[in-house]
Amino acid sequence: MKLLLSFHTPKQPSTIGSMDSLTQIVRNIFSRDGFFFLGNLLSIISFFLTIFVLLNIRKLRNTYKLRVRGPSLIKDLSKSASNLSGLMNDYSEFLPQITEELGKVGVKLRSLRRKLSGSSKRSVKHVITYIDQCEISPQNEAQVRRTYVEIVKVIEELKDNQKDLDWEL
Amino acid sequence: MPTEKNKWIDAVGKLITLTQERKLTWRVATPYGGYEAENLGKVLYLYSTREDDETIAVLKLKDPDTDVDWEFPYSEANEHLMEAVKYQLVGVGDFLDDLLAQAV
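Chains as they are written, first to last, in this note's numbering: chain B, 10 to 178; chain H, 61 to 164.
Just so you know, these hints were derived from the structure itself, not from any lab. Errors might be hidden in some of the hints.
Derived Cβ-Cβ restraints for the label pairs, each shown as a range [unchecked claim]: (1) ASP129/H x SER81/B: 18 to 28 Å; (2) ALA163/H x LYS74/B: 47 to 57 Å; (3) GLU111/H x VAL77/B: 48 to 58 Å; (4) THR90/H x ARG123/B: 48 to 58 Å; (5) ILE60/B x LEU149/H: 53 to 63 Å; (6) SER55/B x GLU111/H: 30 to 40 Å; (7) LYS134/B x PRO133/H: 39 to 49 Å.
A virtual CB, placed ideally from N, CA and C, is assigned to each residue, including glycine.
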């Protein structure tokens, strides 16, 4: 028997030692402090998970809105850009109409901005700033023309964005 | 924004401005249909074609010496340029002025 015990002796300290430390860890976890710590940790993790889920739901909702409303808003924008281009055939004669058309474009872009994210949202914001800063006067034709070009650019980007949405949903 | 495409939109936007300000004069391109204009030693061709059941405006740049042409990437600005060219060729502005000045 002694011989048998001595045969097993070298392995025992490490196994028993690790078993002891494992038991200790389990005991620590199930102690009051351990429960507090674990509870706090899980609360923090679930808080971040909730935020993550909420952000994703918001993104999904916006994508859905963009998918449904996007095409008609882009169509309206295209129509306004076309009108704007036509009105600029005789810029000084059509100043009130140009003001009205730019106003319409601004409203449509603001509606689209809320539904967008990423680079498209930045581009739309950029054009809204252009429109807001654009003073429509006989002396300011170059700036109005610049704004028109920016509108056409953003329409092209939004069209590409709509094509990408076809793959997302 | 995709900058490469934007550069072409800028270019077509400039052509629209030049057309509307009568600094670029277009004429009917008889052998091919559509319209043509000369600018900076090159010839610009603008014509309508059908693509995927839609009529679109195509803008091409041609070198008169080599006869090689190059197509501008499509954007809505092409359609606006087409409208500006028609406006210039028909003389809509002058017609409107004359019409409004006409005694009744």
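How the hints compare with the structure:
no. : hint                            : in the structure
1   : ASP129/H x SER81/B: 18 to 28 Å  : 37 Å, violated
2   : ALA163/H x LYS74/B: 47 to 57 Å  : 55 Å, holds
3   : GLU111/H x VAL77/B: 48 to 58 Å  : 27 Å, violated
4   : THR90/H x ARG123/B: 48 to 58 Å  : 51 Å, holds
5   : ILE60/B x LEU149/H: 53 to 63 Å  : 60 Å, holds
6   : SER55/B x GLU111/H: 30 to 40 Å  : 53 Å, violated
7   : LYS134/B x PRO133/H: 39 to 49 Å : 25 Å, violated
Checked against the numbered hints given earlier, the structure breaks hints 1, 3, 6, 7 and satisfies all the rest.
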